[in-house]
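> In case you want the letters, here they are:
Protein chains: 2
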Amino acid sequence: MSFIVRKGEKEDMKNVMRLIKELAAFEKLPNEVEISEADLIKDGFSEHPKFMTFVAEENHEIIGATLFYERYSTWKGRVIHLEDLIVTEQKRGFGVGMALYTAILKYAYDMGAKRVVWDVLDWNQNAIDFYKSTGANVLEDWQVVHMREDALKKFIETK
Amino acid sequence: MSFIVRKGEKEDMKNVMRLIKELAAFEKLPNEVEISEADLIKDGFSEHPKFMTFVAEENHEIIGATLFYERYSTWKGRVIHLEDLIVTEQKRGFGVGMALYTAILKYAYDMGAKRVVWDVLDWNQNAIDFYKSTGANVLEDWQVVHMREDALKKFIETK
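Respectively, the protein sequence lines represent chains A and B.
For the first sequence, position 94 (counting from the first letter as 1) is numbered 94 according to my numbering, and the numbering increases by one without interruption.
For the second sequence, position 42 (counting from the first letter as 1) is numbered 42 according to my numbering, and the numbering increases by one without interruption.
Do not take every clue at face value.
Since copy identity is lost for identical chains, a pair holds within one copy or between any two.
[Claimed, not checked] With a straight-line Cα cutoff of 20 angstroms, these simulated PhoX-like cross-link-like pairs (lysine-lysine) come out: (1) K153 x K14; (2) K76 x K14; (3) K154 x K42; (4) K10 x K91; (5) K159 x K132; (6) K42 x K14; (7) K42 x K10; (8) K76 x K28; (9) K153 x K76; (10) K76 x K154; (11) K10 x K76; (12) K154 x K106.
Rather than coming from a laboratory, the hints here were simulated on the basis of the structure.
Take the sequences, apply the hints, and build the full model.
Here you go:
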């Protein structure tokens, strides 16, 4: 199996969208995906892009992608957030995920990021074991908090 | 007690730095703070600012601050991340935290953010109860993963 990893371009967003939907289905939350290919193009390729992507390509077919962006830690400074890393199901087990993971970590290292961060589902033991094997830590004492759009609207309207 | 909430400026970063250190001490991790006032000025007030702040001011004294920035969800789109919200210890209990929290949620609402997200320490029950009372959800099945600078370096060097 032979593939390359390269920066994602506008033309790849259709396939990135397909992979995002595939991951959401794997995560048992397929109906949570509200964005479209047009959103990815608008938000990722404007004057101030909101994210960057790498894609894995085999025979001109996109078989994996990773989406990431910069964050800021008040303790460490500039940080990279890995939002999604997806390999299409029938292409898993051939090193595509590791190649994408390495690409993002290399990008973070080269820009001088002080940390790379992401979230993982606590039942996704394969992913957790993989991350730990590469030197990452799963934080035991932090939890993620979300205020969803409907709750935000309700909060603001009562102010 | 009378205070105002306003956007943080370069001149406020000295006091924001003081509050960041105060929060890190409360979180029992005072030695984790590696950034300086100069970093905050460089990273927050360049051509492409990495974050924004609101500060709470009483009699020309900064008594609280919140630092936030934009993220991107592959499910929802543009999202605001609340990185820190700090009220200096002797000024707690007077609504300063709620005023800063409201300012950031108002900012998110006005820009059309699809979600506001942050992390909380699982032993900080007061904070968790407060967030829940405002309509936020603590996600039970997601965990935060960090690859620190030293692990990142080690990973890259073995590639």
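> Find the hints from earlier in the document that the structure breaks and name them by number, from lowest to highest.
Of the numbered hints given earlier, those the structure breaks are 1, 3, 4, listed in rising order.
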